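Fit chain B to the given chain W structure using the hints.
Spelled out, the chains give:
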Amino acid sequence: MNAAVSVEGVSKRFRVYHERNQTLKSAIMRRRRAVYEDFWALRDVSFEIPAGRTFALVGDNGSGKSTLLKTLAQILYPDEGTVRVNGRVAALLEVGSGFHPELSGRENVYLNGSILGMTRTEIERKFDDIVGFSGVEDFIDQPVKNYSSGMYVRLGFSVAINVDPEILLVDEVLAVGDAAFQDKCAEKFADFRREGRTVVVVSHSMPSLRAMADQVAWLDHGSLVRTGDAGTVLEEYLDSTRQGVRVDESGRVRWGSGEARIDRVDVVSGGRTTDVVRSLAPVTLRVHYTADEAIPNPVFGLAIESHDGVYLWANNTRDQGWHTPRIAGSGVLECQVPALALQPGGFSVLASVVDETTTHVYDYLRDAARFQVTHGDLHESGGFVALDGRWSAPGEGAS
Amino acid sequence: MSLVSDTFRSRELLANLTRREISGKYKRTALGQLWSLVNPLAQMVIFWAVFSFVIRIKPAPGDPSGLDIFAVWLLCGLLPWAFFANVVNNGMASLVSNENLIKKVWFPRLVLPVSSTLAVVVSWAIEMAVLTVVLVVVGGRPLVWLPLVVVAMALLALFSLGVGLMFAVLNVYFRDTQHFIGILMQAWFYATPVIYPVSYVAKVSGETGALFGSVTLYDLYRLNPMERFLEVFRTLLYDNRWPPLDSTLAAFGWAAAALALGLWVFSRHQRRLAEVL
Chain W
1 MNAAVSVEGV SKRFRVYHER NQTLKSAIMR RRRAVYEDFW ALRDVSFEIP AGRTFALVGD
61 NGSGKSTLLK TLAQILYPDE GTVRVNGRVA ALLEVGSGFH PELSGRENVY LNGSILGMTR
121 TEIERKFDDI VGFSGVEDFI DQPVKNYSSG MYVRLGFSVA INVDPEILLV DEVLAVGDAA
181 FQDKCAEKFA DFRREGRTVV VVSHSMPSLR AMADQVAWLD HGSLVRTGDA GTVLEEYLDS
241 TRQGVRVDES GRVRWGSGEA RIDRVDVVSG GRTTDVVRSL APVTLRVHYT ADEAIPNPVF
301 GLAIESHDGV YLWANNTRDQ GWHTPRIAGS GVLECQVPAL ALQPGGFSVL ASVVDETTTH
361 VYDYLRDAAR FQVTHGDLHE SGGFVALDGR WSAPGEGAS
Chain B
1 MSLVSDTFRS RELLANLTRR EISGKYKRTA LGQLWSLVNP LAQMVIFWAV FSFVIRIKPA
61 PGDPSGLDIF AVWLLCGLLP WAFFANVVNN GMASLVSNEN LIKKVWFPRL VLPVSSTLAV
121 VVSWAIEMAV LTVVLVVVGG RPLVWLPLVV VAMALLALFS LGVGLMFAVL NVYFRDTQHF
181 IGILMQAWFY ATPVIYPVSY VAKVSGETGA LFGSVTLYDL YRLNPMERFL EVFRTLLYDN
241 RWPPLDSTLA AFGWAAAALA LGLWVFSRHQ RRLAEVL
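Heads up: the protein sequence lines correspond to chains W and B, in order. For the first sequence, full-length UniProt numbering gives the first residue as 1, with consecutive numbering after it. For the second sequence, full-length UniProt numbering gives the first residue as 1, with consecutive numbering after it.
It cannot be assumed that every hint is accurate.
[What the hints assert, rightly or not] Computed list of chain W residues with no C-beta within reach of chain B, every gap over 10 Å: (1) Gly132; (2) Ser148; (3) Arg318; (4) Ala328.
[Stated by the list, open to error] The calculated BS3-like cross-link candidates involving lysine-lysine, where the alpha carbons are at most 25 Å apart (straight line), are: (5) B:Lys103 with W:Lys145; (6) W:Lys145 with B:Lys25; (7) W:Lys126 with W:Lys188; (8) W:Lys145 with B:Lys203.
If you are wondering where the hints come from, they were derived from the structure by calculation, not from laboratory data. Note that the coordinates shown come from a computational prediction; the quantities given were computed from them, not determined experimentally. A virtual CB, placed ideally from N, CA and C, is assigned to each residue, including glycine.
Next comes chain W alone, as it looks inside the complex:
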């Protein structure tokens, strides 16, 4: 397998200035440019990114992942080591940089396109796609300074994503625009992956990383902790960042402050607790909890992941408008699912209890339950969700 990007022993040093002389006077007075200390943003990082994969860089703030991405984009140059990139690179580090406010959207598309390395004929060919994707058709001949910030960002993003790179570098820009635009972007990324292009992404959003990434490099304080399969490395990284992460007596991973705990989740189908459910059958998820102290307004949440860690579904009491004023001691809550729209396979249930702002976690339990889905009456061929689609030929008298 060819490596799209190979990073060999890369180190990057920044100078942290105690007194930076950006004026000539101070430079002359001290007879040197500045007093500084070296800070290694990256230290001897090596890995390869195979072509056609989606590769994520994760790590806490200051771990060097953005520096590494900029190094791949050739904006920064490593002080040691080499970065080899095979193929045309486009970097989505900031969208719309280089827009000139007084020029029209149209002129800026050409300008920005050529900054990102597109030729004039290429831009002409893709112009309608770019403008269509951004959804600012009606304003394309207006100066961009009259654009709303959303329009500005959408147009910038549309230019960048139409560069047609073999390797796409993305830094947290997935979070632009409204929900509809984000869906379009997600679709575009899916196209990229399907077309066998390489995507390197830096993001803090674990759900989107879980959904997108094939492989992950985990950085900590500029050093590479681990690279490998997304499923494993992401969990390891997450486990390392969660406060109070522990493995309980039944071998389940959980974290949270512990004032309230999820004891277990029962999967109830056909009137009894089971671990085998027929596709499209009604199911109840019964959450058993214990609160050691009285907790006002808790929010309970449930989620389902496939056996390989794809985040499929989530639901919590707050979003459902189900209000629990107070819990104390042990209790049970149920979430009823009228028809389990899952294809056959193995699934796991995640359960949580958090405070009313959903920012403080009392308990988060992975693998609260596992269950198998069997075919039942469903006759569909694959994937995760059961939609129960039916075929017919309209006009041929099919009922």
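Frame of chain W; chain B shown alone:
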């Protein structure tokens, strides 16, 4: 040199940035592109009023053109000087003002100062065309010399770019540069025969005699590259004759030296721009 070939490969970007510079500058002004003509003309009127009425400066008539109009003589030097000053000022600012671009996107950095130079070249070319028309109207014969004027313009553009490149890099490290350049350019302006003829300096120099050894004030004065460039432009446009060989060679030499030094400085620092900005 990869710096130059990279820049050449991004010539479309160069064209687009130049266009941005030109059309962005005069957007929402009533006169638009005309402003680039108004400035040198206004300057000419001011200098003409001061230096032909108050401080009576009298340059020799054009030889062999016979032209004897101070305002036109002034323009022949003022336009190249203003071009040089604009290229240096804009080129110097080109990196700092595009900071967000440099930090976020990879492209050949040289494109920025070069496009800012090209934008000035465009307005200068319009000014020079107008000057040529004026020269024809007042009875000069500049047309046969136009090809050489274009060569001289190219040389001055390269020289100015070279100087601009050095200051652009310096300005990234020390923001004082832009203020310092303001003073430097003012001094340089008066050290260059824009508003007075070189003969005045020669006269003063002759009265003072040799400064040390056989070196006279005049010899030192002629070390100023802009003096050479202006001599070339004035002999071509105002006098309508071949420029002196030594000044022509000096113009070539200065252009080559400034450009080489500018590119060398720029290539040494361009990789670090995203960090230090």
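Hint check:
| no. | hint | in the structure |
| --- | --- | --- |
| 1 | Gly132 | holds, 22 Å |
| 2 | Ser148 | holds, 20 Å |
| 3 | Arg318 | holds, 38 Å |
| 4 | Ala328 | holds, 53 Å |
| 5 | B:Lys103 with W:Lys145 | holds, 22 Å |
| 6 | W:Lys145 with B:Lys25 | holds, 15 Å |
| 7 | W:Lys126 with W:Lys188 | holds, 15 Å |
| 8 | W:Lys145 with B:Lys203 | violated, 57 Å |
Against the hints set out earlier in the document, a violation occurs for number 8 only.
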